[in-house]
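Student: Below, each chain spelled out in residue letters.
Number of protein chains: 2
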Amino acid sequence: MNPRIDIEQLSRELEQLSLFSDAPSPAVTRVLWTEQDMKARAWLKSLALEAGFLYREDALGNTFIRLVGSQPDLPAVGTGSHNDAIPFSGMYDGTVGVLGGLEALRAIKRSGLSHARSLEVLMFTAEEPTRFGLGCLGSRVMSGAIELEKVRALKDANGVDLETARKAVGYTAPLESVRLPKDYYAAFVELHIEQAPLLEQQGLQIGVVNAIAAPASFFVHLTGEGGHAGARLMLGRRDALLAAAEIALSVEAAALQSGAMDTVGTTGILEIHPAAINSIPSQAKLGIDIRDTDGLRRDQAVQHVLETIKTVCQRRQIEYRIEMMNADPPAQSDPKILEAIRQAVQDLNFSSLEMVSRAYHDSLFMARISPMAMIFIPCRGGVSHRPDEYATPEDMARGVEVLARTMLNLANL
Amino acid sequence: MNPRIDIEQLSRELEQLSLFSDAPSPAVTRVLWTEQDMKARAWLKSLALEAGFLYREDALGNTFIRLVGSQPDLPAVGTGSHNDAIPFSGMYDGTVGVLGGLEALRAIKRSGLSHARSLEVLMFTAEEPTRFGLGCLGSRVMSGAIELEKVRALKDANGVDLETARKAVGYTAPLESVRLPKDYYAAFVELHIEQAPLLEQQGLQIGVVNAIAAPASFFVHLTGEGGHAGARLMLGRRDALLAAAEIALSVEAAALQSGAMDTVGTTGILEIHPAAINSIPSQAKLGIDIRDTDGLRRDQAVQHVLETIKTVCQRRQIEYRIEMMNADPPAQSDPKILEAIRQAVQDLNFSSLEMVSRAYHDSLFMARISPMAMIFIPCRGGVSHRPDEYATPEDMARGVEVLARTMLNLANL
Chain A
8 MNPRIDIEQL
18 SRELEQLSLF
28 SDAPSPAVTR
38 VLWTEQDMKA
48 RAWLKSLALE
58 AGFLYREDAL
68 GNTFIRLVGS
78 QPDLPAVGTG
88 SHNDAIPFSG
98 MYDGTVGVLG
108 GLEALRAIKR
118 SGLSHARSLE
128 VLMFTAEEPT
138 RFGLGCLGSR
148 VMSGAIELEK
158 VRALKDANGV
168 DLETARKAVG
178 YTAPLESVRL
188 PKDYYAAFVE
198 LHIEQAPLLE
208 QQGLQIGVVN
218 AIAAPASFFV
228 HLTGEGGHAG
238 ARLMLGRRDA
248 LLAAAEIALS
258 VEAAALQSGA
268 MDTVGTTGIL
278 EIHPAAINSI
288 PSQAKLGIDI
298 RDTDGLRRDQ
308 AVQHVLETIK
318 TVCQRRQIEY
328 RIEMMNADPP
338 AQSDPKILEA
348 IRQAVQDLNF
358 SSLEMVSRAY
368 HDSLFMARIS
378 PMAMIFIPCR
388 GGVSHRPDEY
398 ATPEDMARGV
408 EVLARTMLNL
418 ANL
Chain L
8 MNPRIDIEQL
18 SRELEQLSLF
28 SDAPSPAVTR
38 VLWTEQDMKA
48 RAWLKSLALE
58 AGFLYREDAL
68 GNTFIRLVGS
78 QPDLPAVGTG
88 SHNDAIPFSG
98 MYDGTVGVLG
108 GLEALRAIKR
118 SGLSHARSLE
128 VLMFTAEEPT
138 RFGLGCLGSR
148 VMSGAIELEK
158 VRALKDANGV
168 DLETARKAVG
178 YTAPLESVRL
188 PKDYYAAFVE
198 LHIEQAPLLE
208 QQGLQIGVVN
218 AIAAPASFFV
228 HLTGEGGHAG
238 ARLMLGRRDA
248 LLAAAEIALS
258 VEAAALQSGA
268 MDTVGTTGIL
278 EIHPAAINSI
288 PSQAKLGIDI
298 RDTDGLRRDQ
308 AVQHVLETIK
318 TVCQRRQIEY
328 RIEMMNADPP
338 AQSDPKILEA
348 IRQAVQDLNF
358 SSLEMVSRAY
368 HDSLFMARIS
378 PMAMIFIPCR
388 GGVSHRPDEY
398 ATPEDMARGV
408 EVLARTMLNL
418 ANL
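Chains A and L supply the protein sequences, listed in that same order. Mapping to our numbering: the first sequence position 319 is 326, numbers consecutive. Mapping to our numbering: the second sequence position 95 is 102, numbers consecutive.
Quick caveat, the hints were computed from the structure, so don't treat them as lab data. This structure is a prediction, so every number in the text was calculated from the model and none was measured. The reader is advised that the hints may include incorrect statements.
[Claimed, not checked] These stretches of chain A come out as covered by chain L in the derived footprint (C-beta under 8 Å, 3 or more residues): (1) 108 to 119; (2) 126 to 132.
[Said to hold, decoys possible] Reference excerpt, derived from the structure (chain L facing chain A, CB under 10 Å, subset only): (3) L155; (4) V158; (5) A160; (6) E201; (7) A255.
Cβ atoms here follow ideal geometry from the backbone N, Cα and C, with glycine treated the same way.
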């Protein structure tokens, strides 16, 4: 008997999870190690126990829920995604991969089908960069993609460092223990909403992700000179906001000028100081995100922006400091896993599209320590990171079904 | 015997006042009706009592400290300024006019010189727009320059309305009682730091202010469309921050294009939502301040910006809403008061400059109900609204001396 998905339970659990939030429903805000995040984590662990699974948490709160296989010593087959949600976002990004992964494991357990390898669903800590400015924190550390010194030096907007923050919520083991050995997983498959409109536009059901785009992000800190907005003449002003405005526009220009549709650039953060209507801004901080499916082209766009920053700041006599957060290479999916996904899609008679993920995911880093691929499902209008983000129960059920079959297939290879 | 200024006491009191602050010294942040503001108010009243003066507070907390004259029924001669300080500003803006005004009254009392009219120092509530977005709140209401309905509708950034806020700190009388009759003051003279470098550059001691520039300020609320910074292609984005960036740059352009040195434009506030590095900004809010000594030219600059907003928002498919806060006409000083100031300057053998105030002051509104003029003293580098704002004790002493003599002169006219 094939694994059968309980889509009512999965939908109900997604609704429940969305209520652990610091924003009013339907908006979701769930930031790393806040009270709501800790409540969501406790709730997830209670679901694992209810289902009869083992779980463990590492020193960053990455949570591993395991259904033990008939040959427990073999490297496991993993799935998973993240539970955190950027401010005022929606309820499907990441969560579909966590709760959908859990449902896949429950369905496999219910089916009684045997699997040699253990199956594991992983809830990654801080895929979103909201608190410490760096995305995929859990998977970066797990895969050794970042030096632990850098991790320890991370500070949030209130000046709290990562070590203090994690220990305050009970994660006290040494950071070194987070790293996973290369043979921990035989394969890793992440289920996620597409966050783009291609599947919906083409009326297709499953996205088979063969690569993940290369993201880069950095902060720009600008220091000019403040003063009275009425009394200070225009000539010789060193207004940090005006430099920031030119830089934000140059991010857009750099993405458009690349000539490739896949180059995207966004200034998602712009803060100024002192932020009074009658005071010239003396400081500004920008948070910039540039991505491409092509690493080289991405780097060229970043370079374009860095050169503009230099020119603008010279002309406006603004001091600047660039804080590079990440500039990660793209990742390729594993052929064997892709084949397993295609097989599951075919067995289930679903329609599918081979595609690239322009959004990054924890799988970008899991690719460094394990064969990796991803399964996408459509989301309405391609909308994500917004309260109106939506995936139908039918699409979610199809995604989880493909995931369960893919995992079973890989677990017996 | 002429009034003699105790500059040590005044300097000490300015230092003391600067410590009622929500920013670390030397920066000062003192926002309307916060705990620090209320402590500063209580302290000022204690100084009035120590000096043997009467005081009263109105329904907005405007505080009137009076030295009664020999003919108490005559309209009084007033001076005064404000105690509030925008975030991370300095310790002289406004406060020199309040504590200097108090010292002028004390010096006159000590001198034993007679004065027919009562003398009054006024501490205005919320000259700065920090909390409710509208500058000169106290003097606007006092002079009937704003409808009380509009005042009651004001809300701060936390959604607290003005009525709730004032009552919470004990100002419960009806707002109607704030209005002053036209014959309340025979004359009003405000002492203030120049907030510009002209006096310092020309090595002059006293500014005789013959007009106050026309300020306008407004908020622009922009609504675009959010989305995932990686997955959402550039084409068809409706990024609210990029529209805001163009608008901020157009404020600078409008001021520069006026061709007159006196036209200044500043975007002092820019807030975006949701403010996550990997999320396209769906909303932005700008706070814009445009001023000129010429009301018509000021209006042209405002018009230029409003047209840019329309064009930019059309092109970028952004919805917008303009919230006009104020667009006040300039004010002319009273010839009789100017003559009294000039006489005092001459008697004291000080050097002086006739000048325009490009910054606005409560006197802009007092001009609607009383003959008005202002006395400026130099401030270092023309710097204001910054922690390094500074006026020498000698310059302050000269300013207070001119003020005291001017008031005495006007009190016996």
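Student: Now tell me if each hint is right for this structure.
Tutor: Here is what the structure says about each hint:
1. Counting residues of the segment 108 to 119 of chain A whose C-beta sits closer than 8 Å to any C-beta of chain L gives 0, which falls short of three, so the coverage hint is violated.
2. Judged by the Cβ-Cβ criterion of 8 Å, the segment 126 to 132 of chain A is not covered by chain L as claimed, because only 0 of its residues qualify and three are needed.
3. The interface hint given for L/L155 is broken, as the beta carbon of that residue sits about 23 Å from the closest beta carbon of chain A, more than 10 Å.
4. Interface restraint check: L/V158 against chain A, minimum CB-CB distance 18 Å, threshold 10 Å, status violated.
5. The interface hint given for L/A160 is violated, since its Cβ lies 18 Å from the closest Cβ of chain A, which is over the 10 Å cut-off.
6. Interface restraint check for L/E201: the shortest CB-CB distance to chain A comes to about 7 Å, inside 10 Å, so the restraint holds.
7. Hint status for L/A255: holds, given a least beta-carbon distance of 5 Å to chain A, under 10 Å.
The earlier numbered hints that this structure contradicts are 1, 2, 3, 4, 5.
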